[in-house]
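A.B. asks: Sequence:
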Amino acid sequence: MNDIKLSKLWDALLTSYWFLPGMLAITAVILAFTMLHLDRTIVTTHKKCPHLRA
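When we follow the UniProt record's numbering, the leftmost residue of the sequence shown carries the number 1, and every step to the right adds one.
For the record, the hints were derived by calculation from the structure and aren't laboratory data.
Be aware that one or more of the hints could be misleading.
Pairwise CB distance ranges, derived in the manner of DEER restraints [unchecked claim]: (1) Leu-9 x Val-29: 21 to 31 Å; (2) Asn-2 x Met-23: 15 to 25 Å; (3) Ala-12 x Ala-32: 27 to 37 Å; (4) Thr-41 x Ile-4: 44 to 54 Å; (5) Leu-9 x Leu-31: 21 to 31 Å.
Fair warning: this is a prediction, and the values are worked out from it, not measured in the lab.
Built from N, CA and C at the ideal position, the CB exists for glycine as well.
Throw the hints in and build the complete structure from the sequences for me.
C.D. replies: Have a look at this one:
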């Protein structure tokens, strides 16, 4: 019984016009914060270790 409800909910989410754009927006925000963190970490590492610069 729960499998049927879960299946119907999943189908309703996938057929919704908001599901995919919403997931893409959330993924973009997470990716943006991750890239900012990596950029700050890499810049800090290069300032501490100037011999690592190419």
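A.B. asks: Please go over all the hints and tell whether each is borne out by the structure.
C.D. replies: Hints versus structure:
1. Leu-9 x Val-29: 21 to 31 Å: Holds: the Cβ-Cβ distance is about 24 Å, inside 21 to 31 Å.
2. Asn-2 x Met-23: 15 to 25 Å: Between Asn-2 and Met-23, where Cβ atoms are some 24 Å apart, the hint holds.
3. Ala-12 x Ala-32: 27 to 37 Å: Cβ of Ala-12 to Cβ of Ala-32: about 29 Å, so the range 27 to 37 Å holds.
4. Thr-41 x Ile-4: 44 to 54 Å: holds (47 Å)
5. Leu-9 x Leu-31: 21 to 31 Å: holds (27 Å)
Every hint from the earlier list agrees with this structure, and none is contradicted.
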